[in-house]
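Produce the complete structure using the sequences and hints provided.
Protein sequence lines correspond, in order, to chains W and R.
Counted from 1, the first sequence has number 5 at position 5 by the numbering used here; the numbering is strictly sequential.
Counted from 1, the second sequence has number 160 at position 160 by the numbering used here; the numbering is strictly sequential.
Hints should not be assumed to be uniformly reliable.
Said to hold, decoys possible - Computed footprint of chain R on chain W, listed as stretches where at least three residues anywhere in the stretch have a Cβ under 8 Å from a Cβ of chain R:
hint, stretch
1, 197-209
2, 252-261
As the list claims (entries may be wrong) - Pairs of lysine-lysine, DSS-like flavour, derived with a Cα cap of 30 Å:
hint, chain 1, residue 1, chain 2, residue 2
3, W, LYS40, W, LYS21
4, W, LYS171, W, LYS21
5, W, LYS64, W, LYS138
6, R, LYS450, R, LYS69
7, W, LYS227, R, LYS450
8, W, LYS268, R, LYS443
9, R, LYS752, W, LYS227
10, R, LYS311, W, LYS268
11, R, LYS443, W, LYS40
12, W, LYS171, W, LYS86
13, R, LYS450, W, LYS268
14, R, LYS443, W, LYS264
15, W, LYS64, W, LYS171
16, W, LYS268, R, LYS449
Just so you know, the hints here were simulated from the structure itself, not pulled from any lab data.
Even glycine gets a Cβ: it sits at the ideal position worked out from N, Cα and C.
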Amino acid sequence: MYAFNYQRPKTVRQAAGLLAKAGGDGKLLAGGQTLLPTMKQRLASPAMLIDLNQVDGMGGIELKGRNLHIGAMTKHADVANSHIVKTAIPGLAALAEGIGDPAVRNRGTIGGSIANNDPAADYPAACLGLGATIVTNKRKIPADEFFTGMFDTALEDGEIITKVIFPVPQKAAYEKFPNPASRYAMVGVFVGKKGSDVRVAVTGAGANGVFRLPEFEAALKTRFNAKSLDGLSVPADGLNGDIHASPDYRAHLIGVMAKRAVNKALGK
Amino acid sequence: MTESHALTDTRADPRSRRRAEDERFLRGQGRYTADLTEDGDLIALVVRSPHAHALIRKIDTTPAQQVPKVRAVFTGDDLVRAGLGPLSCSLPLSGLIVPERLPLATDRVRFMGDPVALIVAETLAAAQDAAEALIIDYDALPALIDPRVAQNADAPLVWTNAPNNRAFTYEKGDPAAVADAFAMATHIAEIHLVNNRVAAMALEPRTVRAVYDPTRDHYTLTLSAASIHLFRPEIAKVLRVRDEQIDLIVPDAGGGFGMKNVAYPEYALLAWAAKTIGRALIWTADRLEEFSSGVHGRDNITHGRLALDAKGRFLALDVKTISNLGAYVSSLGPGAATTAPTPAMGGVYSIPAMAMHVEGVFTHTAPVDAYRGAGKPEANYLIERLIDIAARQFGFDAIALRRMNLPKRYPHVNAFGYTIDSGAPRDLLTRALVHADVKGFRKRQAQSKKRGRLRGLGVAFFLETSRGPVGEDAWLRLQHNGFIDLAVGSQSNGQGHETSMIQFVADTLGLPFSAFRYVQADTRVVPSGGGHGGARSFPMAGPAMAEAAARFRIMLLSAAGTLLQATDSECELITDGVRHHPTGRVISLSELARDAGVFEAHGRNDADLYNFPMGCHIAEVEIDPETGRVALLRYSGADDYGTLINPLLAEGQVHGGLAQGIGQAMLEDIRYDDNGQLISATLMDYAVPRGDDLPDFEIAFVENATAANPLGVKGAGQAGAIAAPQTVMNAIIDALAPFGVTHLDMPATPEKIWRAMNRT
Numbered sequence: 001m002y003a004f005n006y007q008r009p010k011t012v013r014q015a016a017g018l019l020a021k022a023g024g025d026g027k028l029l030a031g032g033q034t035l036l037p038t039m040k041q042r043l044a045s046p047a048m049l050i051d052l053n054q055v056d057g058m059g060g061i062e063l064k065g066r067n068l069h070i071g072a073m074t075k076h077a078d079v080a081n082s083h084i085v086k087t088a089i090p091g092l093a094a095l096a097e098g099i100g101d102p103a104v105r106n107r108g109t110i111g112g113s114i115a116n117n118d119p120a121a122d123y124p125a126a127c128l129g130l131g132a133t134i135v136t137n138k139r140k141i142p143a144d145e146f147f148t149g150m151f152d153t154a155l156e157d158g159e160i161i162t163k164v165i166f167p168v169p170q171k172a173a174y175e176k177f178p179n180p181a182s183r184y185a186m187v188g189v190f191v192g193k194k195g196s197d198v199r200v201a202v203t204g205a206g207a208n209g210v211f212r213l214p215e216f217e218a219a220l221k222t223r224f225n226a227k228s229l230d231g232l233s234v235p236a237d238g239l240n241g242d243i244h245a246s247p248d249y250r251a252h253l254i255g256v257m258a259k260r261a262v263n264k265a266l267g268k
Numbered sequence: 001m002t003e004s005h006a007l008t009d010t011r012a013d014p015r016s017r018r019r020a021e022d023e024r025f026l027r028g029q030g031r032y033t034a035d036l037t038e039d040g041d042l043i044a045l046v047v048r049s050p051h052a053h054a055l056i057r058k059i060d061t062t063p064a065q066q067v068p069k070v071r072a073v074f075t076g077d078d079l080v081r082a083g084l085g086p087l088s089c090s091l092p093l094s095g096l097i098v099p100e101r102l103p104l105a106t107d108r109v110r111f112m113g114d115p116v117a118l119i120v121a122e123t124l125a126a127a128q129d130a131a132e133a134l135i136i137d138y139d140a141l142p143a144l145i146d147p148r149v150a151q152n153a154d155a156p157l158v159w160t161n162a163p164n165n166r167a168f169t170y171e172k173g174d175p176a177a178v179a180d181a182f183a184m185a186t187h188i189a190e191i192h193l194v195n196n197r198v199a200a201m202a203l204e205p206r207t208v209r210a211v212y213d214p215t216r217d218h219y220t221l222t223l224s225a226a227s228i229h230l231f232r233p234e235i236a237k238v239l240r241v242r243d244e245q246i247d248l249i250v251p252d253a254g255g256g257f258g259m260k261n262v263a264y265p266e267y268a269l270l271a272w273a274a275k276t277i278g279r280a281l282i283w284t285a286d287r288l289e290e291f292s293s294g295v296h297g298r299d300n301i302t303h304g305r306l307a308l309d310a311k312g313r314f315l316a317l318d319v320k321t322i323s324n325l326g327a328y329v330s331s332l333g334p335g336a337a338t339t340a341p342t343p344a345m346g347g348v349y350s351i352p353a354m355a356m357h358v359e360g361v362f363t364h365t366a367p368v369d370a371y372r373g374a375g376k377p378e379a380n381y382l383i384e385r386l387i388d389i390a391a392r393q394f395g396f397d398a399i400a401l402r403r404m405n406l407p408k409r410y411p412h413v414n415a416f417g418y419t420i421d422s423g424a425p426r427d428l429l430t431r432a433l434v435h436a437d438v439k440g441f442r443k444r445q446a447q448s449k450k451r452g453r454l455r456g457l458g459v460a461f462f463l464e465t466s467r468g469p470v471g472e473d474a475w476l477r478l479q480h481n482g483f484i485d486l487a488v489g490s491q492s493n494g495q496g497h498e499t500s501m502i503q504f505v506a507d508t509l510g511l512p513f514s515a516f517r518y519v520q521a522d523t524r525v526v527p528s529g530g531g532h533g534g535a536r537s538f539p540m541a542g543p544a545m546a547e548a549a550a551r552f553r554i555m556l557l558s559a560a561g562t563l564l565q566a567t568d569s570e571c572e573l574i575t576d577g578v579r580h581h582p583t584g585r586v587i588s589l590s591e592l593a594r595d596a597g598v599f600e601a602h603g604r605n606d607a608d609l610y611n612f613p614m615g616c617h618i619a620e621v622e623i624d625p626e627t628g629r630v631a632l633l634r635y636s637g638a639d640d641y642g643t644l645i646n647p648l649l650a651e652g653q654v655h656g657g658l659a660q661g662i663g664q665a666m667l668e669d670i671r672y673d674d675n676g677q678l679i680s681a682t683l684m685d686y687a688v689p690r691g692d693d694l695p696d697f698e699i700a701f702v703e704n705a706t707a708a709n710p711l712g713v714k715g716a717g718q719a720g721a722i723a724a725p726q727t728v729m730n731a732i733i734d735a736l737a738p739f740g741v742t743h744l745d746m747p748a749t750p751e752k753i754w755r756a757m758n759r760t
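This is the structure we're talking about:
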């Protein structure tokens, strides 16, 4: 780890001010589950670390009408154990329950996860699969515009995620095939159905991070049933390949996980 | 056939004492090497090669030396100037080429992780800054990764003095008899297999603290290692000093599994640097260094053939192996594919003729050395896979085929001339089949099928050959405070000797457990020792402890007799001390120590006999045909480790070994890319088994005493890792049989299985 300046603001405004002051050399610290190991390995070297853990108003889970609001600093374990989430979007609670291990879930946050946009992270699939809105100190960004590439987002300099708003779907579920070593998603598929809208989002597989499957969505709009996906496939082009899974195996797994997610959403 | 005993009830058995050392380990009170850092210690950091193969054109240390808080930057040239000697191999193998290696590379690096420079600084951060400032001009060269291409004319040479990259050729057995048997055979089963390269993954990484005392010209290394007495001379040779000028001390150690039985270059390097700088130094490997520069295990490529007659009787086994040694010859490296597997070749079976041909090959990869089981897992994996292949190909029942080829009686002399003195494999098979409820398998398989899953059953034996280095010493010392120190040359790095060995001696003498303190792995107070390698601790140290205890009893009675002015025969040893019959007076051990002074009894065991633990294991797996993912649902077995000292600890040893064997079969794989970059270099990519990867293990014990040692014990430390790979793989291949799959190499990853099922 390199030496760095550590700041612990109390408000989002202070945090944004510090971030602006640091120029490009500031980093926000949420749960630190990616940032701190990366810093320890000297792969990241922020001059200033702005710890958001004392910032007011960035936590909390609330159901407002047909929208579920989750504060950016809400820990995975709190989402997983929340009665509100379990009732409103059980598939989202189950997803949070399956992130990393208990230590990760008790430190890692939803805002940190989506800001980092790890191509194998779980939350980006939920955001895209539920059509979430990412709220920052500056604006509201639809999930479809938020995830712009591997470890890349629409966040601008000085922009801080404050909460994520999930429209409550009729049906939703997440199915993950974990990497045997890291337990990150080797392929994860989130399926959400709200009214006539169906979304299918894939994480872990895409070379550019999370993405949607329009063909799958169209088929499921016709009939929300796993059988509707029969005969559909995903091209291996543009998918990740590594020592655990080749692109064509990942392409195959997307189909399998998508069907399982649909079945799970249907309570089968 | 040896008569068999009843199953041991491990949990209820009074010998199943729980581990005393767990009190401190589980409460975070263990004292590991890094805990012994003292104020003023300097931090050492090893700079390693990022290339698999490169020339070192030039190293400019000046910018690194100018980093604040940096005390020294050493390179290979400094070691040459200082006249340090090369590292050596302590395994004499005929014709072995041992290339010259200094603790730091001089002109050329030969694997990713090869040590190139040592930085010494006041803080780790300063050392890391210096490592970044160090300028090393490499000229990258093509790397040789696959041992199969080592002998190709265009293969890069790892060592110019090893033509075709060959380090040795090893032959065993009778190739002519084997050829004759194959000519007569009705059936020949054949396999080409890769026994995958794995990392030991000890929880505690290698750590060394080095102190040099100029007044005595003496080095003290505190380190996380095993087999310290065996490799001390290798360090002494590098430093060009006498063995006695180096003391090695191992405090609590967090695992080793063979990979810490090696004289790593860092040991002598740190000792020399501590002397050169005049300060104590400490080096702790990080996980990346453990993966890249700790020795790896296995990595053999074997072509095996088994000849059978019409009835299925085994006639001969022919084994041709290419062993990947890595870039250098490690301390015991060449043994893992040669002398280590030899006594276990052919497994438990009676095979009249066997021949082995092994070629040891250099590649630009990390050195390979002995890892839990060392060669025995490979030997058993080979025969047990061949038997399943033969059964399926030629229409035999796999279990009946095994039973038919078990030795009819013991002692059994195998085709390589090893005498297996005792065993009851038929009994183990029968018990294992009942224990695993094999009768109910078809029903369970049908239930799995209903759920869309493929279920497979794997049955396999294992034969372990326990001995390791010959000769072991034990000492019992009455100390001033009345405690008795039990010092043993073997060493636990997690096995629980602190409990089992004291338990053994306390029971032998009839003294309470609490009267003893356990001493190990400290050359200042344990003058010699053979380590734990080869599951040798109780077979080797047990008789030495028994002899020391017998002598100690006589010394205690004699000392008490003198104090009590009584004859020895009037005194007896009781729990509280020594009791004088005629008067009923009891003299405690602390009184004895105070009045008679301290004394020591020594025992030594020079027996060189192997003992042969064995077992029959059964696994059941379920495969998700859509993803290829395997779930190991059931794992059980019936094992014979001779007379048990502590059944609970024996079971713990077997469980740990099983986890590592299952890891090798299903998860673990050290992988290099074509350029020699290690691509399984962290726990993000190297999959070690976790609790939810493993089922409950149900291992039953049958105690058939061996005559190889007076205790009747057989080694249990390696057995699980020797047993599990073939048991699990046989189950996986059984599940895939409907798809025409006859073999898969380990690890059986989901993608590998999916591809095997979807081959057209």
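Hints versus structure:
1. 197-209: violated (count 0)
2. 252-261: That given contact holds, which follows from 3 residues of the stretch 252-261 of chain W lying within Cβ reach (below 8 Å) of chain R.
3. LYS40/W with LYS21/W: Cα-Cα ~24 Å, so holds.
4. LYS171/W with LYS21/W: It is violated: about 44 Å lies between the C-alpha atoms, which goes past 30 Å.
5. LYS64/W with LYS138/W: It holds: about 21 Å lies between the C-alpha atoms, which stays within 30 Å.
6. LYS450/R with LYS69/R: violated (68 Å)
7. LYS227/W with LYS450/R: holds (19 Å)
8. LYS268/W with LYS443/R: Status holds; Cα separation ~25 Å.
9. LYS752/R with LYS227/W: Holds - the C-alpha atoms of LYS227/W and LYS752/R are around 27 Å apart, at most 30 Å.
10. LYS311/R with LYS268/W: violated (51 Å)
11. LYS443/R with LYS40/W: violated (53 Å)
12. LYS171/W with LYS86/W: holds (13 Å)
13. LYS450/R with LYS268/W: holds (16 Å)
14. LYS443/R with LYS264/W: holds (28 Å)
15. LYS64/W with LYS171/W: holds (18 Å)
16. LYS268/W with LYS449/R: At roughly 18 Å apart (the allowed maximum being 30 Å), LYS449/R and LYS268/W satisfy the hint.
The structure does not agree with the numbered hints 1, 4, 6, 10 and 11 stated previously, though it agrees with the rest.
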